[in-house]
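Residue numbers (my numbering), protein chains in the order written: chain A, 1 to 312; chain B, 1001 to 1260.
There's no promise every hint is true.
Said to hold, decoys possible - Cross-link-like lysine-lysine pairs, in silico, BS3-like; alpha carbons within 25 Å at most:
{"id": "1", "chain 1": "A", "residue 1": "K306", "chain 2": "A", "residue 2": "K85"}
{"id": "2", "chain 1": "A", "residue 1": "K13", "chain 2": "B", "residue 2": "K1024"}
{"id": "3", "chain 1": "A", "residue 1": "K201", "chain 2": "B", "residue 2": "K1024"}
{"id": "4", "chain 1": "B", "residue 1": "K1036", "chain 2": "A", "residue 2": "K13"}
{"id": "5", "chain 1": "A", "residue 1": "K201", "chain 2": "A", "residue 2": "K148"}
{"id": "6", "chain 1": "A", "residue 1": "K85", "chain 2": "A", "residue 2": "K302"}
{"id": "7", "chain 1": "B", "residue 1": "K1036", "chain 2": "B", "residue 2": "K1024"}
{"id": "8", "chain 1": "A", "residue 1": "K203", "chain 2": "A", "residue 2": "K65"}
{"id": "9", "chain 1": "B", "residue 1": "K1242", "chain 2": "A", "residue 2": "K201"}
{"id": "10", "chain 1": "A", "residue 1": "K85", "chain 2": "A", "residue 2": "K150"}
{"id": "11", "chain 1": "B", "residue 1": "K1036", "chain 2": "B", "residue 2": "K1080"}
{"id": "12", "chain 1": "A", "residue 1": "K148", "chain 2": "A", "residue 2": "K65"}
Derived by calculation from the structure, the hints in this document are not laboratory data.
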Amino acid sequence: MAFTAPNETYSGKVYQVEAGTEKTFVIGGENVLPFHSFEGNVPNRPVIAYEVQDVPPEDWPDTVKKVYDGVSGNPVTWAKHCQDKLNAKAIALRLIGTHPDRENRSAEEAAATVKEVLAAINVPLIILGSNHIEKDTSVLVAAAEAAKGKNCFIGKALEENYKTIVAACLANNHKLIAMSQLDINLSKQLNILITQMGFDKEKLVTDPMCSALGYGLDYTYSVMERIRLAALTQNDVTMQTPMLGDIGMYAWKVKEASAPESELPIGGSLEPRGIAWETVTAGALMMAGAELLIMRHPESVKALEKFIDELM
Amino acid sequence: MLIIGEKLSIIAKRVREAMMKFDKGPIQEIATRQWKEGSGMIDANIGPAEDGGEKMMEWMVTTIQEVVPLPVCLDTTNAKAIEAGLKVHNNEWGRPLINSTSNDPERFPIMEIAAKYNSQLIALTVGKGGLPADAEERAGIAAEMMARAMEYGMPVEDLYLDPLVLQMATTQDQALKVIKSVRMFQELNDPPMKTVVGLSNISNGMPKELRPIMNKYFLSLLLYEGLTAAIADAHEVAETVKTFDVIMGRTLYAHSYLQM
Chain A
1 MAFTAPNETY SGKVYQVEAG TEKTFVIGGE NVLPFHSFEG NVPNRPVIAY EVQDVPPEDW
61 PDTVKKVYDG VSGNPVTWAK HCQDKLNAKA IALRLIGTHP DRENRSAEEA AATVKEVLAA
121 INVPLIILGS NHIEKDTSVL VAAAEAAKGK NCFIGKALEE NYKTIVAACL ANNHKLIAMS
181 QLDINLSKQL NILITQMGFD KEKLVTDPMC SALGYGLDYT YSVMERIRLA ALTQNDVTMQ
241 TPMLGDIGMY AWKVKEASAP ESELPIGGSL EPRGIAWETV TAGALMMAGA ELLIMRHPES
301 VKALEKFIDE LM
Chain B
1001 MLIIGEKLSI IAKRVREAMM KFDKGPIQEI ATRQWKEGSG MIDANIGPAE DGGEKMMEWM
1061 VTTIQEVVPL PVCLDTTNAK AIEAGLKVHN NEWGRPLINS TSNDPERFPI MEIAAKYNSQ
1121 LIALTVGKGG LPADAEERAG IAAEMMARAM EYGMPVEDLY LDPLVLQMAT TQDQALKVIK
1181 SVRMFQELND PPMKTVVGLS NISNGMPKEL RPIMNKYFLS LLLYEGLTAA IADAHEVAET
1241 VKTFDVIMGR TLYAHSYLQM
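Please work from the sequences and hints to get the whole structure.
Next up, the structure:
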């Protein structure tokens, strides 16, 4: 008798979440594990968003900083460059300059930046704060108002500050990114708390907290995988959100992505090493279920897109 | 586990009065509340209903399903009333369940009706000779009823075996026998037989404030043995069922798991 490959069927399904108004993208919608299109329906491709910042990327390693020489002095030219020259399907604007330990830009300045960037691009915008619990509550509220009607993803809402951010997304009709600290039970709890405020669970994206290859990637991978299994096999409606991998900021922070070959001879040439670090981190988390990936280096993005082409 | 909401019973004064007056208001309110509280089916207990049973069951089924998208458990000994209820039952929301047949020949016609209308059926493991003594006797009766179902052309998968819960306050030794029966019933078939209990009978005759405690602990033991369904107060047992699902790893834990 011929061998028949066993096919799993799942009781749950990941929600579809759409961003943008002119050009849009949709993530999620699958009723199978990542790329298991032989078992069910995988209607949407993972989306890669290019990361830009409200302030110049002084803290980025040279490998990835130099790619944006001449455009990264201003978030508008930077975002336009990513859209027009690099064919970005989405832009992730990180308002890192609002952090009190950085430039400490005000919420009003952040809102003005959001407006300028939105006016310059037509792909969907993801708006990220600086992950400072108190500051993000004013920054993201101002940003959500400035982006009213533009159907953005806004985050990240944490257990400590989700209420004001959820309210701002409700009032201005945005999608919300909820982040918990690498703990599946707390991730579920945060989703429950957010939906109890009247926020539609189908407008939610989960960030279980990213980590880079060699620096806890396996933890993020495992949490993402378990979230997806709860969504699909247990039909847990609180866990059926698409997931975000905030790759670039973690991958480019580690030593292996910035140390020269003289310091790290075993790692080989620096430039391809950094690109590979970001690509491998993104690829692994995509296999665990991340549908939206925020990345920095165009070569990493290119490599991941090729990977997706082969898997879809 | 399937919760069959027990609150629409002729024994309750408010329900009885609404039934006598064919007043939909209270019936629909109670049905809706039970649905919201987590019932997956609504029991309609109209008693023996010797006079006007057909009209009553017909009215109950349509009244409930007007407001609640759930199947109904038709609870009466009157076979004609059951048949009338099945005729109007809306199967779009799930197949109906008849409560009940037993091993008493007087109740055989109810199994015939279940077979005829492709309904599910509760089979109470008692015969004509009085209450069963232990789990083994219950399993023996169950096997006879399963054989009868096959004779009538009814799949045994549509039978819910009911071990008959007795009162703690009067027959304490029966509680463990009921638990054991739930385990034994499942072994009578592959896939395992479905099982059901009338849960609150365990605490019948006990002081009012103790009843929920007894019901909930007893239910958790039955759940561990694999109970399929319980006729119960959804409001009362929801936390037991949800907590059990967390312990068994069927639901992912979160601090707010009881609110979901």
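Outcome of the hint check:
no.: 1; hint: K306(A) / K85(A); verdict: holds, 18 Å
no.: 2; hint: K13(A) / K1024(B); verdict: violated, 38 Å
no.: 3; hint: K201(A) / K1024(B); verdict: violated, 35 Å
no.: 4; hint: K1036(B) / K13(A); verdict: holds, 23 Å
no.: 5; hint: K201(A) / K148(A); verdict: holds, 20 Å
no.: 6; hint: K85(A) / K302(A); verdict: holds, 13 Å
no.: 7; hint: K1036(B) / K1024(B); verdict: holds, 18 Å
no.: 8; hint: K203(A) / K65(A); verdict: violated, 33 Å
no.: 9; hint: K1242(B) / K201(A); verdict: holds, 21 Å
no.: 10; hint: K85(A) / K150(A); verdict: holds, 23 Å
no.: 11; hint: K1036(B) / K1080(B); verdict: violated, 31 Å
no.: 12; hint: K148(A) / K65(A); verdict: violated, 31 Å
The earlier numbered hints that this structure contradicts are 2, 3, 8, 11, 12.
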